[in-house]
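Student: Given the coordinates of chain A, work out where chain B should sit on it, guided by the hints.
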Amino acid sequence: MEKRGRRSFLEIATAFIGGLISLAAGIPLIGFAISPAFKKGESKWVDLGLADRLKNSRFRKVDYTFTAKDGWVKATKKRSVYVTDAGNGEWRVFSRTCSHLGCLVRWDAEKESFLCPCHGAIFDKTGVVVAGPPPEPLQKLQTKVEAGILYVKET
Amino acid sequence: MRQFLNERLPLEAFSAHLRKPLPKHINLLFSFGSLAMFLLLLQAATGAFLAFYYSPSPEHAYNAVTYISTEVPFGAFVRGLHHWGASAMVIIVVLHLLRVVLYSSYKAPRELTWIFGVLLLLIVLGFGFTGYLLPWDEKAYWATVVGVEIASTAPGLGDFVAKVLRGGTEIGAVTLSRFYALHTIWLPWLVFGLVGAHLFFVRYYGSSGTPKNTPEDMEAGKPFYPHQVFEDVVGMLILFIVLAVVALFVPVPLEDVADPTNADYDPRPEWYFLFLFQLLKYFQGPFEVIGTFIIPTVGMLLLLFLPFLDRSERAVLWKRPIALTVTSVSVIGIVVLTILGGTSKKLETQETAQPTEAIQGAVTPATEIEQVEEGEEVFDFQLTEEEIEGAVEVEESQ
Chain A
1 MEKRGRRSFL EIATAFIGGL ISLAAGIPLI GFAISPAFKK GESKWVDLGL ADRLKNSRFR
61 KVDYTFTAKD GWVKATKKRS VYVTDAGNGE WRVFSRTCSH LGCLVRWDAE KESFLCPCHG
121 AIFDKTGVVV AGPPPEPLQK LQTKVEAGIL YVKET
Chain B
1001 MRQFLNERLP LEAFSAHLRK PLPKHINLLF SFGSLAMFLL LLQAATGAFL AFYYSPSPEH
1061 AYNAVTYIST EVPFGAFVRG LHHWGASAMV IIVVLHLLRV VLYSSYKAPR ELTWIFGVLL
1121 LLIVLGFGFT GYLLPWDEKA YWATVVGVEI ASTAPGLGDF VAKVLRGGTE IGAVTLSRFY
1181 ALHTIWLPWL VFGLVGAHLF FVRYYGSSGT PKNTPEDMEA GKPFYPHQVF EDVVGMLILF
1241 IVLAVVALFV PVPLEDVADP TNADYDPRPE WYFLFLFQLL KYFQGPFEVI GTFIIPTVGM
1301 LLLLFLPFLD RSERAVLWKR PIALTVTSVS VIGIVVLTIL GGTSKKLETQ ETAQPTEAIQ
1361 GAVTPATEIE QVEEGEEVFD FQLTEEEIEG AVEVEESQ
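Here the protein sequences line up with chains A and B, keeping their order. The letter at position 85 of the first sequence is residue 85 when you use the numbering used here, and the numbering goes up by one with no holes. Quick note: to get the numbering used here, add 1000 to the position in the second sequence (first position is 1).
Bound conformation, chain A alone (with noise of 0.2 Å):
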């Protein structure tokens, strides 16, 4: 009986420091790989030319590069936006990222629309869904026009 009650001591004991070492290797290595997951990305505004030259009441595809730090590398990130001025100095700016599954939509001139090529979603010119599985609308960017520069916010 008595060895009995070593055996399952041992046991028991074996189970809770083989746990405590399991969790203390364990919990900073977890912390480590899932660390990406709560920082913040950082903000800045990104030029995207000449205000003026911007300036069209139909969408053009607008290309702009910032620079970024991703991980250990300053890198070069290259974007592509929607871009047209609603009149009275409003700016419409559409991320080309489909807000289904991140496919790039392209902007119809005839029907007036964006259309995603992977899953059929349409998103009127406003950026509301017309029709497809997207669950929210495209993208807006923030903008703001200093010294006649059109800026957007890159988060």
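There is no bait here: all hints are sound.
Sample of chain A residues facing chain B (criterion: CB under 10 Å; computed from the structure):
| id | residue |
| --- | --- |
| 1 | Arg6 |
| 2 | Phe9 |
| 3 | Ile17 |
| 4 | Gly31 |
| 5 | Leu48 |
| 6 | Gly49 |
| 7 | Leu50 |
| 8 | Leu54 |
| 9 | Arg60 |
| 10 | Tyr64 |
| 11 | Trp72 |
| 12 | Glu146 |
| 13 | Ala147 |
It is worth saying that the hints were derived from the structure and are not from the lab. Note that beta-carbon positions come from the ideal geometry of N, C-alpha and C, so glycine has one too.
Tutor: Using the frame of chain A, we list chain B on its own:
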């Protein structure tokens, strides 16, 4: 659940196997094998996680390691565990080997267990050698230059082996890439295969016990589980605490980024290769090959085939005069050479020649995301920094 598993798996037989009694007179020295196994798992886990943030290219490796050490939460700790764990592994594996020699546990029928164990020692050293190139700092670069040059002195195939190791005629991107592949894919596959075989032999032949054990003693000790396993996990806990404290308080060295033109750098290998580093100083000119190839190879072959060379009766080391002499001389020799290598004076003469023009440095290429499809007109009105400053100045002056 238990019943479900019992009906499908031989759990009872497995449990009975684990609870088989060990020989009498098993002591704490018999835990070194389990500690080595624990360190192997710890190295595998920390290494697998470090790989999340590592990039094996000369442009990225050093910055990636700096990033791990300085910016990733727990990064310095995880890298510390991996770095100091490697040193602990060498120490524990050598102590494990010495325990086997002490009790002459390598003798029949356990020759295969021994041979696979010696192969595992070589793999551990291989992990060390391929691992410390990865941070791509001065030490990494120059120790690898010297290490590969040592391999090149092997008669016949030396030059070929060196070129294969480097992936060319000099250390560079291809070398780093293949050392990374060796360190993270090839050696782990090999080590798990060899550990599997080693453990199979350990369980198949049973623990050797000590020479004191009579045949009746061999199954008269405490059961492996939970008694021996409990002692092993206590050892693992102590080892982990020591490693964790060292990882927390002793920063892992990271020297300047590798510079193939730095003539002022005094290359020194990791401490566990210092004996070899020191040995090479005593063999000069045509005798170089004795230090670089003949002594290490003959030493390894003698170690590998020790069970077939030592035909004496099983007894504790101090009752085997020849084995005692050879072991003592080898251990003392390696320790003395390591100390001499570690304390040897570095060259005091600095480069005095006219400095060269700075050569082009490593440029980190920018990553670009190609998102432009054909057939669509793209506008790019983005301004240069000078143009933006100009526009701002104009507005401020108005």
